[in-house]
Amino acid sequence: MCRLALKTSNETFSPYEVLTAMEAMKEGYDGSGLGLLLRGIEFEDFKYNPRFPILSGIAHTEKAWQHLTSYMEDRGYELKYDHRYHMGPNLIEAEDRFRYFLRAYRMPERFRDKSTEERGEEMMKTRLALRKIGEENNDLTIFSFWPDVVMIKEVGWPMQIGDALCLHDGQIKSRVCMAQGRQNTNYGINLYACHPFFIQGIATMTNGENTAFVPIKEWLVGKKYPGYVGYHSDSEVFAHILHYTLKQLKLPLEAYKHIITPLSTAELDKHPQGDFLKGLRDVCRRLIIDGPNAVIGTLPDETCLLVMDQKKLRPAIVGGHEGTWAIASEICGVDAMIPDRDPTLDFQPMREHTVIVPPDRKELTIWSQHDPFPLPQAA
Amino acid sequence: MVSTRSISVTPGSLTYSDLPWIIEHREDRCTLCGQCTSVCPKESIHLSHMRQRVPKLDVFSKKRGSNYRNFTGIRQRTTKANSCIGCGMCSMVCPNDAIIAVPGTNENRTLFFENQKGEPNKRGGRRNIQGRTLLDQIIFNRISMLTDPALDAGRHEFSLTTTLGRVLSPEDYLDRKINGGWIPPTREIFPFVIGSMSFGALSPNMWLGLLQGVAYCNEVLGIPVVMCTGEGGCPPWVLRSPYLKYIILQIASGYFGWDEIIRAIPEMQCDPAAIEIKYGQGAKPGDGGLLMWYKVSKLIARLRGVPEGVDLPSPPVHQTLYSIEESVMKMIQTLSTAFNHKVPVYPKISASTSAKSVLNNLVRNPYAAGLMIDGIDGGTGAAYNVSLDATGHPIASCIRECYLDLAAQGMQNEIPIFAAGGIGKNGNVAQNGMALIMLGASGVHIGKYIMQATAGCLGNEKNRCNVCNVGICPKGITSQNPKLYRRLDPDLVAERVADTFMSIRTEVKKIMAPLGRSQSLPIGMSDALGIADKDVAERLEIKYVC
Chain A
11 MCRLALKTSN ETFSPYEVLT AMEAMKEGYD GSGLGLLLRG IEFEDFKYNP RFPILSGIAH
71 TEKAWQHLTS YMEDRGYELK YDHRYHMGPN LIEAEDRFRY FLRAYRMPER FRDKSTEERG
131 EEMMKTRLAL RKIGEENNDL TIFSFWPDVV MIKEVGWPMQ IGDALCLHDG QIKSRVCMAQ
191 GRQNTNYGIN LYACHPFFIQ GIATMTNGEN TAFVPIKEWL VGKKYPGYVG YHSDSEVFAH
251 ILHYTLKQLK LPLEAYKHII TPLSTAELDK HPQGDFLKGL RDVCRRLIID GPNAVIGTLP
311 DETCLLVMDQ KKLRPAIVGG HEGTWAIASE ICGVDAMIPD RDPTLDFQPM REHTVIVPPD
371 RKELTIWSQH DPFPLPQAA
Chain B
14 MVSTRSISVT PGSLTYSDLP WIIEHREDRC TLCGQCTSVC PKESIHLSHM RQRVPKLDVF
74 SKKRGSNYRN FTGIRQRTTK ANSCIGCGMC SMVCPNDAII AVPGTNENRT LFFENQKGEP
134 NKRGGRRNIQ GRTLLDQIIF NRISMLTDPA LDAGRHEFSL TTTLGRVLSP EDYLDRKING
194 GWIPPTREIF PFVIGSMSFG ALSPNMWLGL LQGVAYCNEV LGIPVVMCTG EGGCPPWVLR
254 SPYLKYIILQ IASGYFGWDE IIRAIPEMQC DPAAIEIKYG QGAKPGDGGL LMWYKVSKLI
314 ARLRGVPEGV DLPSPPVHQT LYSIEESVMK MIQTLSTAFN HKVPVYPKIS ASTSAKSVLN
374 NLVRNPYAAG LMIDGIDGGT GAAYNVSLDA TGHPIASCIR ECYLDLAAQG MQNEIPIFAA
434 GGIGKNGNVA QNGMALIMLG ASGVHIGKYI MQATAGCLGN EKNRCNVCNV GICPKGITSQ
494 NPKLYRRLDP DLVAERVADT FMSIRTEVKK IMAPLGRSQS LPIGMSDALG IADKDVAERL
554 EIKYVC
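Protein sequences appear in the order of chains A and B. Note that my numbering has the first sequence beginning at 11, numbered continuously upward. Note that my numbering has the second sequence beginning at 14, numbered continuously upward.
Hints may be right or wrong, so weigh each one.
Facing chain B, from chain A, some residues (calculated, C-beta under 8 Å) [as the list claims (entries may be wrong)]:
#  : residue
1  : 113
2  : 142
3  : 146
4  : 219
5  : 229
6  : 256
7  : 259
8  : 262
9  : 283
10 : 286
11 : 296
12 : 310
13 : 312
14 : 313
15 : 320
No lab work stands behind these hints: they were computed from the structure. Using N, Cα and C, we set each Cβ at its ideal position, and we do this for glycine too.
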């Protein structure tokens, strides 16, 4: 089972802190990979404007690197910042790594007055176009292209990858950091298959196995939404379902749990919005997840969430104090990230819970599926 | 050499070894009680007087001679009309194990005479193909081993229901909720449905036993089983009872029974589970129901609104069938309106290479609640042998194609496809059904298996019995003759229905648990399927394993 760690804090911190938590939980992974996602970015040598989308990825060859830079120029993006990691390349196991990049861009002129949705679509299309270019020769991997989001994925032991990219030197700090410590083991090994998964600012990571993967994937692919591609891992659909819930259906975050693990008919019969929720379950039946999973997610506004599978077959715990919270798959992970909290206030969600850390990080919201559903106009 | 005229040999003469079933009778055990001859539905055996030579050799007198003994014993008739059907009722009633019907191992010459008076062979049952079916060969092989604690089929909670009814897209659902639009009715049902067998094809005892069992499954066991009536309506008291909610009413091209149904609508206590419009049947595509006069009893005549004792061949097509678009659209909408748009209405068709075009037509019809596809291995109470054996399309590839077609349109949650035809042919009902579900069916209909499992139907693919069409069912399952159907105790049928569905439920869990599935029925989970046949694997887009 893979290990998960998330820390969110009002003050920026180094991703190395989260890697330390991964180290504490290291019994649970096999050095097959690390995925990191940072939000609320602060660079040591650049005053970053959080409106600028950041392109994260790996150019495996110089040619691909040139291809990337010229493509972005042609599409009208103006480079504002090009981050250079202080590398320790001998610590990286893979050999075809020409360059890890984080590049902040200004959107093309034509998007200046466009709505947030349109800008979001453009960023996603750009990411997908670059990904497609990279897939032609397998020489370019694109993780994310979104304002205030940085992603790193690599094969190897988490701590070693952190050392290789010198993540401890304070060059990059963030207010939110998600880390997952194992490559995909259910399907083929592939850099894209490493958690967290990302689409339009929405990211999730999971420890477990989604056994309903294929029917869910087929349904999402059938939606013909350009971003619903990839699926190198069975867990990628969690991010896409969250995206579908929030962006396509425009439902509140609480609906996510009702979609992936709906209550039974007997439970919904007693629920104040049972009629609406039964209907929602029917129409979203193909999105019901299965198998053991704890899903940890983050949203563009820095909201963090944790939900369990319907049987709570995977561990996950949340702890912390006002201003700083941590979610991890093991208690020792939370201990490593926030040692100065009151551990008696830690919370392990049950099958019906969604734990939400709101952007103000004052206190946790523990929302139960049996609670009245914050209704959209629909119900 | 005797002249041919002196012995009675005609072109149609048969002898015992020509018959498909041969009666073996042990005279030394027979007490001449006569039970076998009286139970035999074909009057194939009769008591007859026979003479036996008893050789007698008197050594001292050096005279040779014979004595003769007259005795009464059982003889098998060799005429076509009375040839043994292998039902085995004789041995079932024999107190002394003195008689048994065994399959003839000689070539079956009776086949050449199945055309008496120019009428081709008609029978009940299903396609006489023996051996493992394709569905039997599909295995479930995506076992969650490395990353997953296995589920416990005995203790964990499983959600095993499926949705019958049109499901909106999530976007459309929310839009209609906001704007007060019509939300199509759906039912949450157990994915194994008792397929359409009419009140008429089935005896009253069988039919009521099934209904009683279904009610028990729903109300006591919590298994939401539903059953389909088939064409021919439903007893008037059932229409006005709370059990109607477990019943899918079928309307077919003869519209039999619908006068009663329409009259009962204002008095119904609840809505039926659904309405099935039968356009075709897997066992006999291009043929309607063939209820023969033998089975049109007083009760059946009353339910169907016809005179007693007349043949009731339903036309192969609906009278409104000008084109599939028009007919399907019109009928579905009419029936949906008749039940106030509160009951799912879906068509049933024979599996066919053209099934996809029907499906695509339904996708565009907002009232269509699903599609039921019946494959060539489906059973029937009466059909021409040639239809049963050689007409139709196997279910697996038809379902798979239709599902993938819906998936390509992103509609696979919206029109549930139900599959039927040969499920449980060799007894593997849960395995066969789950294979079809993982190929993309939302559920399956089982008819013949239910008759075999709950009432002891004797029919099999060796053409055993298979006389449902002529009303002489020796178990009383498909007969309208009270002397025969009183043999069947409805209470015992109901018990067997409960046994059967409890066992299917357990087996379904035993299939789902190792796959790591418990939250929803694994519809379309084709990654879990494998077969040791490359061509089939390629066609069905599942894994080839060996």
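Hint by hint, here is what the structure shows:
1. 113: Result: violated, 35 Å to nearest chain B Cβ.
2. 142: Interface hint status for residue 142 of chain A: violated (21 Å vs cutoff 8 Å).
3. 146: For residue 146 of chain A, the interface hint is violated, since the closest Cβ of chain B sits about 25 Å away, which is over 8 Å.
4. 219: 4 Å, holds
5. 229: Holds, because the Cβ-Cβ distance from residue 229 of chain A to chain B comes to roughly 6 Å (cut-off 8 Å).
6. 256: 13 Å, violated
7. 259: 6 Å, holds
8. 262: Violated, about 12 Å.
9. 283: Result: violated, 11 Å to nearest chain B Cβ.
10. 286: 7 Å, holds
11. 296: 4 Å, holds
12. 310: This interface hint is violated because 22 Å lies over the 8 Å limit.
13. 312: For residue 312 of chain A, the interface hint is violated, since the closest Cβ of chain B sits about 27 Å away, which is over 8 Å.
14. 313: Result: violated, 22 Å to nearest chain B Cβ.
15. 320: Holds, because the Cβ-Cβ distance from residue 320 of chain A to chain B comes to roughly 5 Å (cut-off 8 Å).
Comparing the model with each numbered hint stated earlier shows that hints 1, 2, 3, 6, 8, 9, 12, 13, 14 do not hold.
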